[in-house]
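For the record, the sequence lines run as chains A, B, C, D, E and F.
Residues 1 to 158 in the working numbering are what the first sequence spells out, letter by letter.
Residues 159 to 316 in the working numbering are what the second sequence spells out, letter by letter.
Residues 317 to 474 in the working numbering are what the third sequence spells out, letter by letter.
Residues 475 to 632 in the working numbering are what the fourth sequence spells out, letter by letter.
Residues 633 to 790 in the working numbering are what the fifth sequence spells out, letter by letter.
Residues 791 to 948 in the working numbering are what the sixth sequence spells out, letter by letter.
Among the hints, a few may not be true.
[What the hints assert, rightly or not] Distance condition first, Cα-Cα at most 16 Å in a straight line; then the derived EDC-like pairs of lysine to aspartate or glutamate:
id, chain 1, residue 1, chain 2, residue 2
1, C, Lys424, E, Asp675
2, D, Lys582, B, Asp201
3, A, Lys108, D, Asp586
4, B, Lys315, B, Asp201
5, F, Lys898, C, Asp359
6, F, Lys898, C, Asp428
7, F, Lys947, F, Glu924
8, B, Lys266, B, Glu299
9, B, Lys266, A, Glu141
10, A, Lys157, D, Asp495
11, B, Lys242, B, Glu272
12, C, Lys424, E, Asp744
13, B, Lys281, B, Asp201
14, A, Lys157, A, Glu50
15, B, Lys266, A, Glu134
16, C, Lys473, C, Asp337
17, C, Lys400, C, Asp428
18, F, Lys913, F, Glu840
19, C, Lys473, C, Asp359
20, E, Lys716, E, Asp675
21, A, Lys157, A, Glu141
22, F, Lys898, F, Asp866
23, D, Lys631, D, Glu608
24, C, Lys439, C, Glu366
25, D, Lys558, D, Asp586
26, D, Lys597, D, Asp517
27, B, Lys315, B, Glu208
28, E, Lys789, E, Asp675
29, D, Lys582, B, Glu208
30, E, Lys740, F, Glu889
31, E, Lys740, F, Glu931
32, A, Lys84, A, Asp112
Source of the hints: derived by calculation from the structure; they are not laboratory data.
There are 6 protein chains.
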Amino acid sequence: MTGTVVVYPGTFDPLTQGHEDIVRRAAALFGHVVVAVAASRRDALFPLAERVAIAAEVLQPLANVEVVGFDTLLADFVRARGAKIVVRGVRTVADFEYEAQLATMNRKLYPDLETVFLTPSEKYSSVSATIVREIARHGGEVGQFVPAAVVAHLQRKF
Amino acid sequence: MTGTVVVYPGTFDPLTQGHEDIVRRAAALFGHVVVAVAASRRDALFPLAERVAIAAEVLQPLANVEVVGFDTLLADFVRARGAKIVVRGVRTVADFEYEAQLATMNRKLYPDLETVFLTPSEKYSSVSATIVREIARHGGEVGQFVPAAVVAHLQRKF
Amino acid sequence: MTGTVVVYPGTFDPLTQGHEDIVRRAAALFGHVVVAVAASRRDALFPLAERVAIAAEVLQPLANVEVVGFDTLLADFVRARGAKIVVRGVRTVADFEYEAQLATMNRKLYPDLETVFLTPSEKYSSVSATIVREIARHGGEVGQFVPAAVVAHLQRKF
Amino acid sequence: MTGTVVVYPGTFDPLTQGHEDIVRRAAALFGHVVVAVAASRRDALFPLAERVAIAAEVLQPLANVEVVGFDTLLADFVRARGAKIVVRGVRTVADFEYEAQLATMNRKLYPDLETVFLTPSEKYSSVSATIVREIARHGGEVGQFVPAAVVAHLQRKF
Amino acid sequence: MTGTVVVYPGTFDPLTQGHEDIVRRAAALFGHVVVAVAASRRDALFPLAERVAIAAEVLQPLANVEVVGFDTLLADFVRARGAKIVVRGVRTVADFEYEAQLATMNRKLYPDLETVFLTPSEKYSSVSATIVREIARHGGEVGQFVPAAVVAHLQRKF
Amino acid sequence: MTGTVVVYPGTFDPLTQGHEDIVRRAAALFGHVVVAVAASRRDALFPLAERVAIAAEVLQPLANVEVVGFDTLLADFVRARGAKIVVRGVRTVADFEYEAQLATMNRKLYPDLETVFLTPSEKYSSVSATIVREIARHGGEVGQFVPAAVVAHLQRKF
């Protein structure tokens, strides 16, 4: 493992094709990408361990990507990893506004921390994990929105 | 019943004057309007059957409007009705952004489905069912925001 | 020509694949689509007659679409055509906010007028005629953004 | 107490440096500022009495500011105080859109009521009580975001 | 003239019913309102002197309102008037974002300066001077958007 | 010069403290930063050569930053430099929406091109070159918004 380490945090409940697209872009730009799955306080559809397992399964082909769960403050997690860069995908104006606010607060907690925003391919610009969960709950086809491995996990769940 | 069938989905918890305005506009533009009341997973103020009954009572004067409840995927409901057009009212930038995202995902689930956005009269551009529920909960006057029949339902509730 | 007449106004300087997508959607929803090319006061790249000719050439395969230029108030044009529906494509939050404002003012000028908003396919959600002109001006490839006939017009221009 | 009375409502769960900044600005513009702490139906981190106590402790040095809790409709509270002006701080586009909607509905409930929007110093433009609670929950340093007295309350809580 | 002086700046090219609504609200909240008509570098439809004259004619019934033209930096104008408060009307998210940016820069130029944002009545929430000029230019009816005195000025112009 | 080359394009008319902040952040993240000053078709305050000279003067202390002018398509410029990453600063929702659109179109012109968005320090989040030019034109103090060297250039200009 050489080169710059970046952290791509999220709930990934579950990992979508849009998340995967951002991971691939980050992995092409930076030396090592830590996909950091947040424990999250809200009722998640999948428990943390399963969200980590799903992401690891999907992203396994990418040599410079690792997947870990975390349940601390993001700024502390990034510092503990010796990293300084957080990557976030932004699709909408609402995403951007919230993310920019978070990035500023994180900079105050850890002044060396820089948040780098990427946009997914337009193909994935409307894919939302929240809507994917709704579709799966109603028995709809989610194969266009999530990686194949995730379809299986969703089917077992419902 | 002749002409194009369109589906106007929503939670309608409860139906506001803004919703009624959109139904009237849709009924003037298209042959038949199906007001589709979503079961919704969130804790609704009114149960589905009552939301359907309220909407039916209010919209009864409109000859080409019918009200039904549904608890499936919207795309599946629209297809099952033999329809291809969904109507949505948009008031704010936040509404629009979320609705556009949903419309794109629905198009992937059912490629023939088109979502048509209408704007309510400016008189209703700030009316929100969420705020109406808050006002009613505190015993405020909601007669300017919801049809008369809905005022009675809200009074019985609180 | 039977069925509902709708007007799709714009500057179309030049017609993009995104505009074409909206025309196709409108033509599938309504009986007759009048693509109304606005004279526009700003310095257009193509004169009105050429913008009309380009749009007519591209849209010629669509049987229920006609292309005309106009230099009056949109509300007056729509009324003169005996129409009541304006179609507009919206891609961004900024588009939507301006278009909703315009729709409200047009409703005051002509109370029967309804503006119906459609979203283009996500493939075209970032295509902007302004950016297309910039690319063409610098000799860039615009074939991914405009119909083939428009590429030729742009090449003759620069 | 002389001069115009204004009401600055909020949940203040807890009071942040951004809220304090808005109170100071309101207190410089108007004769008397009532900081009105809303009971709120959502699960608050601090109970109403503690939120009132915290705000009162922090704002005690400001002679023309008082802090009270309320559990009625805001429009009714403002009228009962004999006031006509509500002050709200806005940081983001999303804040503004929601606040403008609320202001319009409040005007209908109480036509004399005017909502006046202020922007905080840019130093506080990203401070959010929601994110502060998240940071405190994870044991992070919140001293840059909330007044010193609030840090102590948060530490006792977690 | 007693009480707080506020400055309401703008181009007012021409004064609309929306502007008039904001002036009335400001005049109800504050002791004295200076409507400050900016010279503006862009090609205005009406020269500065005429914009001042139109605004003065329309606002003449309001005892605590005065109209003046200015061609200096707004922060300098406000300071020279001995005022500390600028009033701005905001209708849209785009308005708000630009105005908030300007307010922050003005605070840096003149730290005592506070910008207070008001929202117009929803009746005027879509009225834009830019669109009014377009309508007047095409001979459309502007009587629903501008005060009667302004209609006459627009008719003489076109 | 080793490490990843990134291009930070803009008009820089003139370079502000906000631009300088983004350059410093980019220079800390990447091996080499090319500040690419666009010729721009709009009437710029400073001619291209002077904008390049100003930026070069201000950024001279940064060892891994170079400043060049360009008058081609951005995607072509980036490719010609052998680079794949464009850096853009975003302050507002409107900025973000336009930049995301541009990033998508640039990706179609040059599929390897990735646009990376950074946010400036909140101190600079309201600094706009357009407003700086307005202030300077009216003889206002711009020293809080632009680097010292730029103040001198602006003074000579007005």
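Here's how the hints hold up against the structure:
1. C:Lys424 with E:Asp675: Between Lys424 of chain C and Asp675 of chain E the Cα gap is close to 27 Å, so the pair fails against 16 Å, i.e. violated.
2. D:Lys582 with B:Asp201: violated (27 Å)
3. A:Lys108 with D:Asp586: violated (42 Å)
4. B:Lys315 with B:Asp201: Cα-Cα ~15 Å, so holds.
5. F:Lys898 with C:Asp359: Violated, because 27 Å separates the two Cα atoms, which is more than 16 Å.
6. F:Lys898 with C:Asp428: Violated. Lys898 of chain F to Asp428 of chain C sits at ~42 Å, over the 16 Å cutoff.
7. F:Lys947 with F:Glu924: Given that 16 Å is the threshold and the Cα spacing comes to 13 Å, the pair holds.
8. B:Lys266 with B:Glu299: violated (43 Å)
9. B:Lys266 with A:Glu141: holds (10 Å)
10. A:Lys157 with D:Asp495: violated (48 Å)
11. B:Lys242 with B:Glu272: holds (6 Å)
12. C:Lys424 with E:Asp744: violated (42 Å)
13. B:Lys281 with B:Asp201: With a Cα-Cα distance of about 28 Å, the restraint between Lys281 of chain B and Asp201 of chain B is violated, given a limit of 16 Å.
14. A:Lys157 with A:Glu50: Between Lys157 of chain A and Glu50 of chain A the Cα gap is close to 11 Å, so the pair holds against 16 Å.
15. B:Lys266 with A:Glu134: holds (15 Å)
16. C:Lys473 with C:Asp337: violated (24 Å)
17. C:Lys400 with C:Asp428: holds (6 Å)
18. F:Lys913 with F:Glu840: Distance of about 26 Å is beyond 16 Å: violated.
19. C:Lys473 with C:Asp359: holds (15 Å)
20. E:Lys716 with E:Asp675: Violated, at roughly 30 Å.
21. A:Lys157 with A:Glu141: OK: Lys157 of chain A and Glu141 of chain A at ~14 Å, within 16 Å.
22. F:Lys898 with F:Asp866: It holds: about 12 Å lies between the C-alpha atoms, which stays within 16 Å.
23. D:Lys631 with D:Glu608: With Cα atoms ~12 Å apart, Lys631 of chain D and Glu608 of chain D stay inside 16 Å; holds.
24. C:Lys439 with C:Glu366: violated (26 Å)
25. D:Lys558 with D:Asp586: holds (6 Å)
26. D:Lys597 with D:Asp517: violated (28 Å)
27. B:Lys315 with B:Glu208: holds (11 Å)
28. E:Lys789 with E:Asp675: holds (15 Å)
29. D:Lys582 with B:Glu208: violated (27 Å)
30. E:Lys740 with F:Glu889: violated (27 Å)
31. E:Lys740 with F:Glu931: holds (10 Å)
32. A:Lys84 with A:Asp112: Since the Cα atoms of Lys84 of chain A and Asp112 of chain A sit roughly 6 Å apart, the hinted pair holds (cutoff 16 Å).
In the structure shown, a violation is registered for the earlier hints numbered 1, 2, 3, 5, 6, 8, 10, 12, 13, 16, 18, 20, 24, 26, 29 and 30, in ascending order.
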